[in-house]
Each structure stands twice: as C-alpha cells, then as structure tokens.
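Each chain, letter by letter, is given below.
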Amino acid sequence: MKYSIFSLARNAWSGHKNWQPAWRSPDPKPDYDVIIVGGGGHGLATAYYLAKVHGITNVAVLEKGYLGSGNIGRNTTIIRSNYLLPGNNPFYEKSLQLWEGLEQDFNFNAMVSQRGVVNLFHSDGQRDAYVRRGNAMRIHGVDAEIIDQHSLRDMLPFLNFDNGRFPIMGGLMQRRGGTVRHDAVAWGFARGADMRGVDVIQHCEVTGIRREKGKVVGVETSKGFIGCKKLGLAAAGNSTTVAKMAGLELPIESHVLQAFVSEGIKPWLDNVVTFGVGHFYISQSDKGGLVFGGDIDGYNSYAQRGNLPMVEHVVECGLAMMPSLSRARVLRSWGGIMDMSMDGSPIIDKTDIDNLYLNAGWCYGGFKATPASGWCFAHTIANDAPHELNSAMRLDRFRTGYVMDETAHGAQANLH
Amino acid sequence: MTSFRFDTGGLIDRSSVIDFSFDGRTLTGHGGDTLASALLANGQLLMGRSFKYHRPRSVITAGAAEPNALMEIGEGGRLEPNTRATMQEIYDGLVAKSQNRWPTLDRDFGAINSIASSLFVAGFYYKTFMWPKKFWEAIYEPIIRRAAGLGHLSHEDDPDRYEKAYAHCDVLVVGSGPTGLMAALSAARSGASVILADEHASCGGSLLREREEIAGQPGHEWAAGTLAELAAMSNVTIMARTTVIGAYDQGVFGALERVQKHVAVPDHDVPVEKLWRIVAKACVMATGAEERPIVFGGNDRPGVMTASAMRAYANQYAVAAGRSACVFTASDSGYRTARDMKAHGVHVEAIIDARSDAPEIDTDGVPVLTGAVVTNVDGGKHAMKAIEIDRGSGHETIPCQSLAMSGGWSPVVHLACHQGARPSWDEDAYCFMPPLNNPAIIPAGSANAVWSLSKCLADGAARGEQAAKLAGFKTRKTPVPKAKDETSHTSAPVWWVKQSTGKPFVDYQNDVTAKDLPLAAREGYDHIELAKRYTTSGMATDQGKLGNVNAIGILADATGKDMHEIGTTTFRPFYTPVSFGALGGQHVDAHFRPVRMSPLHNWAADLGAEFVETGLWYRSSWFPRDGDDWLAAMTREVLNTRAHVGLCDVSTLGKIDIKGKDATEFINRLYSNAFAKLPVGKARYGLMLREDGFVGDDGTTSRLSENHYFMTTTTGHAAETMRDIEFAHQALWPELDVQYASVTDQWAQMAIAGPKARDVLAKIVDTDLSNDAFGFLAAKQVRVLGSIPAMLFRISFSGELAYELAVPAGYGEAVANAIMHAGEPYGIGPYGLEALSAMRIEKGFVTHNEINGRVTAGDVGMGRMLSKKKDYIGRMMSERDGLDDPDREQLVGVKPLNPANRFRAGSHLVNLGDKPSLKTDQGYVSSVAYSPMLESWVGLAMLKHGRERHGQKVMLWDGLRDVYMEAEVCDPVFFDPAQEKAHG
Amino acid sequence: MAYLINCPYCGPRTTDEFYIKGDASKQRPDTIGDGTLDTWHDYVHIRENVRGRMAEHWHHTGGCRQWLVVERDTVSHEIYAVTPASTWATSRKGSSTAARKKPARKTAARKATGRKTGGRAKT
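Top line first, the protein sequences correspond to chains S, F and R. Everything in the first sequence is counted per this note's numbering, starting at 1 for the first residue and increasing by one. Everything in the second sequence is counted per this note's numbering, starting at 1 for the first residue and increasing by one. Everything in the third sequence is counted per this note's numbering, starting at 1 for the first residue and increasing by one.
Hints were generated in silico from the structure; no laboratory data involved. Note that the coordinates shown come from a computational prediction; the quantities given were computed from them, not determined experimentally. Don't take every hint at face value.
Computed cross-link-like contacts, SDA-like style, restricted to lysine to any residue with a CA-CA straight-line distance of at most 25 Å [to be verified]:
{"#": "1", "chain 1": "F", "residue 1": "K868", "chain 2": "R", "residue 2": "D30"}
{"#": "2", "chain 1": "F", "residue 1": "K133", "chain 2": "S", "residue 2": "D105"}
{"#": "3", "chain 1": "S", "residue 1": "K287", "chain 2": "F", "residue 2": "G76"}
{"#": "4", "chain 1": "F", "residue 1": "K469", "chain 2": "R", "residue 2": "N6"}
{"#": "5", "chain 1": "F", "residue 1": "K381", "chain 2": "F", "residue 2": "Q99"}
{"#": "6", "chain 1": "S", "residue 1": "K266", "chain 2": "F", "residue 2": "K52"}
{"#": "7", "chain 1": "F", "residue 1": "K281", "chain 2": "F", "residue 2": "P439"}
{"#": "8", "chain 1": "F", "residue 1": "K895", "chain 2": "F", "residue 2": "D914"}
{"#": "9", "chain 1": "F", "residue 1": "K561", "chain 2": "S", "residue 2": "D27"}
{"#": "10", "chain 1": "S", "residue 1": "K64", "chain 2": "F", "residue 2": "R522"}
{"#": "11", "chain 1": "F", "residue 1": "K133", "chain 2": "S", "residue 2": "L269"}
{"#": "12", "chain 1": "S", "residue 1": "K350", "chain 2": "R", "residue 2": "D38"}
{"#": "13", "chain 1": "F", "residue 1": "K870", "chain 2": "R", "residue 2": "G62"}
{"#": "14", "chain 1": "F", "residue 1": "K164", "chain 2": "F", "residue 2": "R258"}
{"#": "15", "chain 1": "S", "residue 1": "K64", "chain 2": "S", "residue 2": "G365"}
{"#": "16", "chain 1": "S", "residue 1": "K17", "chain 2": "F", "residue 2": "T536"}
{"#": "17", "chain 1": "S", "residue 1": "K266", "chain 2": "F", "residue 2": "G77"}
{"#": "18", "chain 1": "F", "residue 1": "K869", "chain 2": "R", "residue 2": "D42"}
{"#": "19", "chain 1": "F", "residue 1": "K134", "chain 2": "S", "residue 2": "P267"}
{"#": "20", "chain 1": "S", "residue 1": "K350", "chain 2": "R", "residue 2": "D42"}
{"#": "21", "chain 1": "R", "residue 1": "K26", "chain 2": "F", "residue 2": "E720"}
{"#": "22", "chain 1": "F", "residue 1": "K919", "chain 2": "S", "residue 2": "G141"}
{"#": "23", "chain 1": "F", "residue 1": "K498", "chain 2": "S", "residue 2": "D105"}
{"#": "24", "chain 1": "S", "residue 1": "K244", "chain 2": "R", "residue 2": "R28"}
{"#": "25", "chain 1": "F", "residue 1": "K52", "chain 2": "F", "residue 2": "F120"}
{"#": "26", "chain 1": "R", "residue 1": "K26", "chain 2": "S", "residue 2": "Y402"}
{"#": "27", "chain 1": "F", "residue 1": "K944", "chain 2": "S", "residue 2": "K350"}
Take the sequences, apply the hints, and build the full model.
And the structure:
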C-alpha cells in the first residue's frame, strides 16, 4: 500500500483497521543469493539497493534483535558531507544526494531536514583547517560557506561570543546538512526492501559462518542453517564478533558513545551546531527535544551505556557554547556500541575470503552514511568489486599505509 | 472551578501565606504547598495542555511522574520550562505560566487538532507530508515544529550558579518512606556511614500522605521522630530535595540536589542546584512504587487522578479536585481513597471495582459496584460532571466532580536497571520486579513488591542490615515498630477498558491512546521497542513512568504474547530530567577550562602585549605601538629582530628533564634520527614519529651531562609527548634505567634573537659566548645575573643568531626585564607569536600546521631523519608503501606573482589551466605570513610532487572566499637559505 | 568500567583523571627489518576486541602519572585488577632483573591490588 494523505484518510474512514504490515515476517528460505548480517540502517539499505539497483531480490537480512535495534536508533540524527579527504568526501556527498531524494524513493517520510550544519572555530589555526576542508568540499562541488563572527552573531546570537573561555571566531557551514528522523530510515529501507522481495528476518541471530573449501556457503543461525552465494556483514558495533566467525581479525575496537535528548521545548535552535573546543554537537528535533552528543567514553565496551563523567563533559561543552542551555533539562541518555576503526574511516570491501564482504568501522559517523553505505556495499557485493566511491575504504589499507585519517590522530581507536 | 482546600487538616503551615502567580493571576498558598496543591486550593483545576491534541489537563499524580501539570517557572534568564507543578514548592513571588497553548490555557487554538484526531494516529507523519518534496522544509516542518515542543526555553544567560560535588558513604538509602527510614536506621546503628536521599522537600514519603499509625503514633509523627533520631547521629546525612538520578559503574550514583529552587531570591553564594556523585558501597533502593492509571475513556479529564494522588492531596495538602468523588479501581488502593476522602468530608458516590471477585474490604459505607468499569468521563476544562460506567448491562451515569483510579502498583525499579539489567514480570505480584544482578543495589519495601506497611518497616530494617553487612559492618537486629496494615490483595490488572466510549490514554503527555498500540502491532511494529518508537508511548518527559506497564499489557493482549515475552523498554538515566546547569556545575563561561599563563605573562602584559589563546595557554601575540594593528606590529617586530635583536617568550614549549644511566638509549628510541652520539654540551633537532609511522612531534633535545638531557616539545603536543614518553618507558621498556619529569612550568624560557643577541646576552650571562666556545647548537648550564641558575641553548627558530635561555620560572620576569635593559643600547624589542610565526615561515621551519598528523617525514623533506640503523617508535610502520608513495604531497614554498596579494592558509593548489576538481586538486596551503623581508605574502604548502616543481606556477584556489591567484612554487626556505645568520 | 579505578598508587579515583590508550594485550615486537611488517601491522592495528575480560592501558594523568593496566569486563564493566604497566610489561617479558630493580613499585602494586603480580601469565 502506497503511503499518502489519501491512504491515511481512507484508513481513518475505516477506523485504521485495514493497515497492512509495513513488512512481512517471513520464515527463512533454505538459501539466498545474498545474505546480509545486520538489520540496522546499513544492512537494510544494502538489501534495498541490491534489489532496486542491481535487481538482486533473493536476499535475506538477518537481525538478531528487532529491526533497527542497533545504532540506527541510537545516534544524533545528523547528516552532512563536510569531509576533508578525497577518499571520504565524494562518498559522503553521494550519501547526502541520496538523502535528498530518499523519502520519495522509498515512500516513507523520514523527515529529512536540511537545516544547515555549522562547525564553529575558535582560533586562527582551526579556521585555516576548516578553510582547507571547506575548499576540499567546494572543489568537489559540495556546498560550503565560511561564516564570519559578525554573520554568526546574526544567525545564532545566543552563542557565547562575549564571556566564553575561548573566542567564537566564526564557522564553516554546510547548508545542505541537517537532520533525519533516525528510526524512520530503518523502517523506510525495510519496507522498501520488503516490497521488492527481500526477506527481513528479525530475531534471527547468526551464530556461525559455514565455509566449504575456503568459500563461504552460508550461516548458522538461531533459526537453523541458511545457505547463501554471497554473505555481507553489516553489524557495526559487533563487527569483530561476526567477522571472527569467519576467522577474520579486524582493525576495530568497540566503544560506547553516549547521546542525549532534552525535554521538549518550543523551537529554540534552527541549525545543527558543533563546538570546536572539546566535542559537542546539537540540534533540535521536530518534536522539540534538543538532541546532542560528544565524545565516546574512551574505554572498550560492548555495554550500550556509559558513565556520568562523559555526560558532564559533554554538557560542559554545550554550556560553554550556548550558556542559555542552562535551564533546559536532559531527559535521557543512551549508549551505542561504535565500531572504532584504527584510522577513523569505514571499511566497505570484499575480503580475502571468497563470497564474504565487509561493511564495518563506522566509528560514530555511520548514520549520515547509511544510504551511500548501502548503495556502495550493494555495488561491491553485486560486482565483486568496490565502486569508485568506496575504493579507498579498503580493509588492507592499514597494512599498506593508505589510511584515511580525518582527525589525524593515528592508530588509536578512541581518538577518532 | 470545583477544586478546593479543606478548612482543616493537612501538613501545610496555614500560618504562612505565600503569594504567587499563575498565568498572570495572583494566588495564595501556604507553606508546605506544591504549586499543584496550591493551584487546586485556588480552584485552578486546569493546569496544562497535551502535546498533540491540546486536550485540557490537570494533575494525574502528586509526584515526580507527573506528565500533565508542566509549567514555565520564573522569568528572564531564570525561565524554566516543563517544571512539574507536583514537585515545585511555592515561594513568595513565584511566577508560573501554563505552556503549549495559544493564546491562553483556557482558549487554546491548538485544540482543533482533536477534531482531526482520526487522522493523527500513531505514525501518521511517516506516511504523509512527502508531496510536493519542497513543502516539507518550507511548510510542513515549520508548522510541526511550532506546534510541537512544550514550554519555552529562554535565550538569555542564566544568572544563577551551579555546583558539583562528591560524597562518600557506606550505605546510600534512596527514598525516605517507611522502608527507607528503617533501612537508614538499621544501617546507621551498625556504624555505617549513611546518606538518606529523598526527592521531596520533606522526608517521610508515603507516611506524609497516608493516614497510618506506627507505634501508636500518626505515621508522619513517627517519621519526624525517626528523622530526628537519624539527624542526631554523626554518621548519617539526610538529603531532602535530592533525587538520585542514575546508578553507574563501581557503586557511583548521580544525585541532583535542588538547593535553592524553593526560594524567591537565590543567595548568589550558594548554588541553586548541586550535582552529587555519591560513591556508596551499598545502596538500599527504597524508591517505592508508582500507582498505575487505568486506561479508559476520558481518563485524562481534569478531575481524574490516581487514587494515591487523591489521598496525597487530601491528607498532606488538604485539597481535593472536587466536592464529590468516585473511585475506579482494580486494587485495594481505591478503597483506602474512598475512606480517606469521606473522612475529609468529600462525598464519595461509589467504588467501581473492575474485579468481579473483589475482596470484602471496609468501605466506610461507600457503595461498591463490582465487575464494573468506567467507559467515559463527562467533563470540561474546569470541572468534571459525571462518569459513565458499564456493569455489563449497558451504560449508567454517576455524577461526580472527581475520579480516583487505581490499576495496581509498579515498583520504581529504575536504579536497579540503569546498568543494563531488565526487570522481570512477576505473575503473582502482577508487576515488573527489579533485577537483582547487582548485589550492591538492594531493592526494599514496595520497590520490591512488599506492599503492607508493617512488612515494609521490617523489610527496610532487614535490607538496611544487609547493606551495612555488605559494606563490612557487624549488625544487630533493629527492632521494628508495630503498624496497622491496610489490605493489599493482588489482582489481575485491567489494561484497557475496551468498551470505552471516550478516548483512553496510555501516555498522557504524548497523547498515545490504547488503539495506537494494536495499530502499531498490526503494521509490524510489534516489538515493544518498535511500538514505543512508532507510537511515542513512553517517550514523554515522564519516560513512561505512568503508562509503560499499561502499554506493555495492551501490546501483549494485541499480539497474544504474555507480559514476560513483551518485556520492558530500556531504563536509562536520568530517573527524572536534570538541568544542563547542574551537569555543567561551575565549569561555565571563563571557568569552562583552566587558564595557563606563562611566567613571562606579566612581562609581556607590561609591554602592552595582545594575547591569544593557544590551547589552555595565553601567549603574547604582538606588541602594538601607537595603536598599530597586528600586521604593522608584527612587521616592526620582525624587522627589528632581523636588524637588531628581539626577545620572545617561548615558555609554553613542553620541557622534559630526562636523567639516568639509560637516558641516551631511551632518547635514541624515541626520536627517529640518531641521538646515541650526541656530545655533552650539544643540542639536536629531533623528529618523533607515532607508532603508525607518521610524524607526531618535533623539538630539540640537549645533552647537559653524560646522563642528563633536556628535551623540548611543541606547545600543542607537550602533554601528549610527555604521556608517550612515560608510556615508552613504563609499558614498553621498563628495564631501562631512566627518570623523567615534565618541567614545562618550572622554567621560563625566552628566545633572544638577532645580530646583537650575543652582545646583549654577554652582559648578563657568565659564560664565553664566542662562536668557538659556544657555537651553533651548543647547550650549557650557566648562571645569569651572577647567581641565577639557567640553561642556555644556541638554537634558532627565527634563522637569526639566537639563543634560548631558560631560568627558574620565578626569576623569569626579572631576567626578561634585565635582558630588555641590557639590550636597550642595541635596540632590543619584544616580539610575539605573530612575528615568531612569520620568521619561521620565512625560514621554512615546520609547525603542526605542516606536521598535522597525516604527514610523513618525507613529506616535509626530512626523510633523511629516519634512521635505518635502529628501532624507534614508528620505525617499521613508516616503511609502509602508502607512506613512501611518490605521489604524496611535499612541502614547498609559494609566493603570489603579485607580492601584495594576500592569500590564506587552507587555499588549495591547482595547475594553471586545469578545471578545479577533486581530480585536479594538487594540494593545499598550510601556513601563510606576510614576509617583511621579502615584502610579500608567502606561504608553505603541501603539493603533489612538490620538490620537483620549484619555479612552476600554480593557481591558489580559495573557492570558499572566492579568492584566486597565480603563484610561484619555490623552496620552502625563503630567507637566508645558507643559514649564515644563525651560524654568525 | 568505568567510573572508579583503584590506582595502585593513589587509591580509587574517578575516570576523568585518566587517559585511556587502549588494548594492552599485544606486545611491541622486538624485531625490525624485512619480513616483520605483518607483525608490526598486527601490533599497531589489529585488535582482538574482546567481549568479556580484557586488559587496557590507562594513564593516571591527573594523579601519579603512572601507566596502569586495567583488567576489566567490556560487557559488565566490572574491574578485576589494576597493575602498574611496568610490572605488567616486566612480567610479560619474563625479565626478572627488571622486576628486582623496582621493589618499591612492586610492593605498592601488590598492596593495592591484593594479589601477586610478579608471575602473571599472558591472558
């Protein structure tokens, strides 16, 4: 059933009793052309694009929990393509372009809101680094603007221009950046994939990867063995655990990232704003809550929760940037498990093991990448070779030295 | 206007009259009132509007779970949205305003949403607002944003102060009801240090709200006596107005104390709120239980509230929502309310008991209708008129002005769940029980489904002893006072009165009705987490404290699963919302981060320096004269230094003192270039890689004696490098006999540079400075001004004949002044960071602008500094192909063809004639300065194949600023390439 | 974890006094040259990323400035042991001479953690 105001009115007339499930709840078939492990945003997007772009519909997405139970539902919903490095920037720009048409494409309102992302800078050196990044965006045709302090005062007069410990000198702005209703992305992709024949199988945990003569032939699951011609792993947070089943060791650590939402308030903040001293980013959801976050807690963790010191640290940064946040109240904090890669950039690649493909290492930038990640991973699986857009996101780059270190912190996972 | 205050009774102080305002109307209340009770006393039943349908709402609870009575409190920078009127104490001059309504609470335009409510079902917005595409951001979203949200947050700065503190105890008792009091008492009597925290203004919990007797006294009097006993014990701290908001690892609890939220004019020397981090060996969770509403038509009408809330308002505050009441119950709590209300003179029409097998309970003469349900409530904004009931034989109407409801009790399990464990459904107690996986968090009393008063007292005593034992104390049995018990039959809950004719609400604030949940399940959102996200049930400011269990019950019913299979959503901090102010504490404005000031700060300030923030440091940036700008000042300082002599504060450089038998070997493993044969009395420039082979930091290290070195790092990486050195020794090579200490703050360091530097220094240093005795890269411990111990280095970051002189920090200012005095005849002048930077760019020296963490030694022309003869940090990884690729960008100089054309760092480089694109991008400009010597803007850049391209022309491309110019690629050393001056 | 780290030198301290580097399970290779790149790559980049008990390098930056090895559970956040990194490294190198050189540290560690740290096997 196509969603529209008309279908809504029609169903209202019949007391909303005739809505069909957004997706089926199929039992697994004995085998598939492609199995994707992980029913989060990236896994569902991969299945969607496998079906839509490559016509591969004999596909199953296996999810150990409920649909979208991973980081697709535990992030701060920001989308942007303001990346510096040539191996990253075109990929994220592709993602932003996909976001721009996504809702009409999969017939689900994910509330894509291009309200603009502003990165503040506080020193000459930081300004120069942002200018370099902004020029890297512009040279690729991506929108970027440098905003001086005067214009910034007009736009966000309640920033701490006058009493701050560090001066707010200006910002780099990407107007096409913004926010998306995160859960809706998982649901939209799931519904879109399901409509094209993909089996989205929830509560089906992969417990082993079966190989014959070295090649992957299927997966052991809590619902029995399921065969496949190709296997794609998209289980960020738990990539190590799943890859280990195939004997693959990864340059990844799992870390906890907390995020937060305030009580709902009337419109208070129209853009996404990030602080340049410490780490803090904030936007206001359409429902009214201020959604914000900062650094990972810093220790390896598979628990989806963090501790109070990082909460305090994040809030201190928020107040340093916007003192009038003081009387807003933080309603809830949550934690997600991040696949922190050793250079801070993701991996979308085929592996050395035949029929096994890997999508991992998203650190805490995975949400904005969801459509392009699915799109590129689908391409990589369908063609047994990466697309140009993910050609730098290789697994062997750590060995060869062609790393993509956006934050320039080197091989220490918790610094990215 | 049916609500009113009783003539007598309650625990309020009728002698104190407090004026406050609500929506501009001045009202009065008494000491001990909450805003909610005072409003009820003034006949103000209508207190708020719901989120989606803007339905008129009044209080449902008398506590922290309140979803409806949220208000804006205060004015200006003190404006505080979404304050629960049930928790806010009134004070003289309190200004409260209703919220989420326009133009007024009484006449709210948004209420027309109710008319279209059949369209606004769960998830409706996911299905529409998609066409035309542009309309979402232009029209739909702005309208939705304005309609959504609750109260207003000010953009003004908060004038009040906040604080954070630690507290330590053996036993933390959360909640001061009968269970908590007994737990605190028994733990304290064992000698354990006890903190007793309660979220309310007065301790006592339910004892303040119920008509009960303990040890022959009214409950509240017994509570007061027990509190007095506890307060007299030196090992007990009682913290009222303190909400324990979260349980974290290793027995740390977060708690929020509302220190001055109940006073008209906060004392500025005292915080308004205080965030406590309480470290406890054991915690007794005596958090009580939340009474569940019943989901039936019109259960949100003003006048409907939980049975326990109705009792609390009557018993503690002496107010009622109406002069007549009915009770709709599926538990014994309703009977108690009927009796209490009757005792206060409220006419109780009937008890409607949903249980067909309702037990025989004393009703004090109030008629009981068993096996009956309420299907609708007839009432308006300001008064309830009647309820509609169904006894299985059609609908009947009972007129009444208020309705108490009780769907049973849910233990408040949050703290036991914050570390990831989930509660489990108990088939006998009909509630979710707290998990017991953390032995140090001990649920007690009704938080553990212990329902009767006498059992709660006993359980409290036992759990207090258990906690004290866990904390290592010997305990004795605490005598438990006698109490008269109410009945507490457990009965199967009624999740949803399906024959309701009005709207039955599950989540009040978010306007989620009972029908939304089966709809979500029908559409595939059948997991509780999906149903929550799709319907928003449990996502309001009360986080589902009231509605979640009902939602789970309705979903279980809709999907044919049992409660256990459905389970709960995740309990996460905070228990109740916490202000940003409290979480930030004192770290605001200038106090956000500490300030580091060089020992020469005052020297520079006296000379009129402008300072710039560099990390935590304030560094002297330029020294304006006669009001000239930074460019003119910098130019003057460079010209003076290059022609005569200048003094610059370089104290912020990281300084590390390294000693020990193996110091040489250790340093040799840290730097990529050779250090093993550095002679005593010499300094050497060294390059440090990270273990991944990229450049980490650079600096000079001097050998002062056989086993004594003095290392400098960059300002920005000083802390990191120190930590890396400590790691290298302690974690990698502990067998090396070496000691090290950061001495950054112990030494004031100044650069004296320029052709006259030697002449000036000779006047204050007791050593031969001739080239023969103290040549380029010499290093030596000397004395200045006759007696001050110092270190002198012949190193130059300006390219001039230069020295760096380090003196103990306390002497810094005096020595700098002495040098300025000695240098006067030679024309000495101070120079700042801007001049320092311009001179290093003229000389092609790199800083972290160039070695930015993605750069190799080869990239910046230091490939030869990678020793092939030893292991050092980063050695092997620096040999990877990717770090040695000939296509990598290399350090060059760039000069615009027109020297007056200013260009900026961050510009990219494109070959002339190429269309700028990612593919044609050739690199970027890392540093730019105006060179007074070349009288041109010059820059350092990273350019593909750069070293082969000196003399070529490129385009400097700054699309961001729309500035483009042609420039010539050149050697990065613009000035004195033969190094004659430095060696002079 | 983590909220409180029981520093062998300073006692229980909150996490914000510490800097965390990460996995301490791998030993820095002691050979260089041709054919060792894979070993180095493994040391620098590849992580076991244990679900359960793991050892991690923490630095008590806001205290004694000692590097510690914190053994903790990555799921429950329980802390099992905190050992000075030098003791940990020495015992793993199997060097008894180095251990003898630093009796003070060894004692401190033993006192605080209540366990013998000298003969720790690789976990």
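A quick look at each hint next to the structure:
no., hint, verdict
1, F:K868 x R:D30, "holds (15 Å)"
2, F:K133 x S:D105, "holds (11 Å)"
3, S:K287 x F:G76, "holds (24 Å)"
4, F:K469 x R:N6, "holds (22 Å)"
5, F:K381 x F:Q99, "holds (15 Å)"
6, S:K266 x F:K52, "holds (13 Å)"
7, F:K281 x F:P439, "holds (10 Å)"
8, F:K895 x F:D914, "holds (19 Å)"
9, F:K561 x S:D27, "holds (19 Å)"
10, S:K64 x F:R522, "holds (21 Å)"
11, F:K133 x S:L269, "holds (23 Å)"
12, S:K350 x R:D38, "holds (20 Å)"
13, F:K870 x R:G62, "violated (34 Å)"
14, F:K164 x F:R258, "holds (12 Å)"
15, S:K64 x S:G365, "holds (23 Å)"
16, S:K17 x F:T536, "holds (20 Å)"
17, S:K266 x F:G77, "holds (16 Å)"
18, F:K869 x R:D42, "holds (23 Å)"
19, F:K134 x S:P267, "holds (21 Å)"
20, S:K350 x R:D42, "holds (20 Å)"
21, R:K26 x F:E720, "holds (21 Å)"
22, F:K919 x S:G141, "holds (12 Å)"
23, F:K498 x S:D105, "violated (39 Å)"
24, S:K244 x R:R28, "holds (23 Å)"
25, F:K52 x F:F120, "holds (9 Å)"
26, R:K26 x S:Y402, "holds (23 Å)"
27, F:K944 x S:K350, "violated (30 Å)"
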